[in-house]
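**Student:** With these hints in hand, go ahead and build the complete structure from the sequences.
Protein chains in written order, with the UniProt record's numbering: chain A, 1 to 217; chain B, 1 to 217.
Just so you know, these hints were derived from the structure itself, not from any lab. Hints are supplied without guarantee of correctness; some may be wrong.
Unchecked claim - Incomplete in silico selection of chain B near chain A, CB under 10 angstroms:
1. Phe102
2. Leu120
3. Glu122
4. Lys175
Backbone N, C-alpha and C fix where the C-beta goes; we use that ideal spot for every residue, glycine too.
Single-letter residue listing:
There are 2 protein chains.
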Amino acid sequence: MTITITAFERSPDGGRGLARDTRVRWALEEVGQPYEVRLVSFRAMKEPAHLALHPFGQIPTYEEGDLALFETGAIILHIAQRHAGLLPDDANARARAITWMFAAVNTVEPPILELEAARLLEGDKPWHDERLPLVEDRVRNRLNQLSARLGDTDWLDGAFSAGDLMMVSVLLRLKSSGILDEYPNLAAYLVRGETRPAYKRAFAAQLAVNTGKPPTG
Amino acid sequence: MTITITAFERSPDGGRGLARDTRVRWALEEVGQPYEVRLVSFRAMKEPAHLALHPFGQIPTYEEGDLALFETGAIILHIAQRHAGLLPDDANARARAITWMFAAVNTVEPPILELEAARLLEGDKPWHDERLPLVEDRVRNRLNQLSARLGDTDWLDGAFSAGDLMMVSVLLRLKSSGILDEYPNLAAYLVRGETRPAYKRAFAAQLAVNTGKPPTG
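**Tutor:** In structure tokens:
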């Protein structure tokens, strides 16, 4: 059955790979599953046809035969559970890898989203300059803990897993902030993620959409 | 094998059930699994023994034989996958229920956490009064969409599932804010969750810890 995902017709980040379809593309590339992409405009995302697929009017969605999913974490978990390559076989190791997926989206990402909101939605507010360091410190609080746990290992728990895919994707949002420079092991972890062939293919595919050039062009 | 979870020795909410161990207790009650609780102090949560279990120094954790997990969403998914009562049997319906778990923690909860941060961590800041309505509107943005999707159904997708358990738990954080009064169907959804016998047992158990009285006393 054909897998179809949705992505922004034009990503707000101009192709830096931060839109969440990149995470799903990456997962599909890791497991070697081909997929089709349906592009949606900002207007179409808030219309009934798309809201039926995604109640929060966002991308990505995932369709495969009768199945329709939204929410990046759930889509990636679904892919990882059905195809080899993103979760270990051992049941306990598998549960731990899934733990890191949730840690990425529920513990590490929220302060990062708050930092983005502070920059993008409150950049013109009188409190912006004084408040930003507080929000940055909430991000650092999580990164301190993550950095301590990662130590000098390559990935969070044994081999690369969907947990790393999600954590690297979350940390990529900090790339332009400079904060990651304070954590050499996390910066190196990010590079390990970005240099995976599957990530490179996913990145190139989303970039092609946003520049209008085919990925091999 | 005995299941052991961790919880606050004294919850910051004084027993209102908002600490995340309540979510795990609720899941274990729904599937009828007994469990033991190890209480940890704020100081102990930041010490090496607990950090080895939970790298972000939080509660709850979950131990069962050789398996040690952290992160509430992952713990509840693990429980739901191993015991009947929290996920439908049909594969597609199961994937959709898991989607709602992720939607709860990654789409609905982040603005609610931001609202809590605005109240608890920035209540004394000069920008507090002017900024609060902005943050509340980010919460409303999500609730508008969630309310539209729920409509007049009892649960988010067919029968009660781990997705509802997680969404109700996330919305409970808003209870004291008054915002939920603007959404009668979400307020009723919350009541449906809170009146489930399993939730009541979970709530009573955490309250007993925080009042020092046994749940049947």
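**Student:** All hints are to be evaluated individually against the structure, with a verdict given for each.
**Tutor:** Quick rundown of the hints versus the structure:
Checking B/Phe102 against chain A: minimum C-beta separation of about 4 angstroms stays under 10 angstroms; hint holds. Checking B/Leu120 against chain A by beta carbon gives a least distance of about 12 angstroms; that is not within 10 angstroms, so the hint is violated. Below 10 angstroms, beta-carbon pairs count as interface contacts, and B/Glu122 has one with chain A at about 7 angstroms; its hint therefore holds. Hint on B/Lys175 is violated. Least Cβ distance to chain A is approximately 20 angstroms, over the 10 angstroms limit.
In summary, the structure is inconsistent with hints 2, 4 from the numbered list given earlier, while agreeing with the others.
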